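Make a model of the complete structure from these sequences and hints.
Convert by adding 958 to the 1-based position in the sequence shown; the result is the number in this note's numbering.
Don't take each hint at face value.
[Stated by the list, open to error] Computed cross-link-like contacts, DSSO-like style, restricted to lysine-lysine with a CA-CA straight-line distance of at most 30 angstroms:
#  : residue 1 : residue 2
1  : 1073      : 1110
2  : 971       : 1128
3  : 1029      : 1147
4  : 1073      : 1124
5  : 974       : 1147
6  : 1015      : 1029
7  : 1137      : 1095
8  : 1095      : 1125
9  : 1147      : 1128
10 : 974       : 1150
11 : 1029      : 1110
12 : 971       : 1150
13 : 1015      : 974
14 : 1128      : 1029
15 : 1137      : 1147
Read the hints as simulated data drawn from the structure, not as lab findings.
This structure is a prediction, so every number in the text was calculated from the model and none was measured.
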Amino acid sequence: MKKHQFNHWSETKFLKDIVTNPMIEVGDYSYYSGYYDSHHFEDGCVRYLWGDETSRKLFNPIEDFGWHLDKLIIGNYVCIASGVIILMGGNHNHHPDWITVYPFVDQIESSYEPKGDTIIESDAWIGMNAMIMPGVKIGEGAIVAAGSVVVKDVPPYTIVGGNPAKKIRKRFADHEIEKLKEMRWFDWKREKIEQATPIFSSSSIDQLYEFYQREIKS
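Pasting the structure below:
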């Protein structure tokens, strides 16, 4: 697979410009910063997900086995740092309740179990070398600290860290989070987002809410 090389740590690539796998859905302005990892987003950051060019040539588990494959769904304005691993469903053939976890070839068809779609909602930030396990949902505005292993869903606007990742704190007060969830700024038209950029680069949720009521909701 052709690698998308990064020339410097400051360089990022919009996912919409580099994703070709039909099992990956990406929103606007979400980016991958992969300089230190030197991996293609679809062949290093995202792992064990059928649908890339090579795997499509090798086999088709949907047609061959009737599997329902998990998808990776990424919202708008998501930031994914170098070294992040998003572990997907291509290797869900190991059963801890069976006598062996070894995936014998003649049992592959019946052994697969989907974990559910992995979802990274809009405005989330996934820190360097974090790992997201299959079927996890990262809520909007959430932050995953560097080196964390996320094994369960992360609520919106919450910072998590560690292995396994645990809640560190909420980014804002509950009433402010409710306003942010109502506004969903990342779904606004780009021109409105650019108009409100000075507010986004502050902590004034009330000011943003005033802008929302005046420019978006009205």
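Which of the numbered hints above does this structure break? As far as the earlier hints go, not one is violated by this structure.
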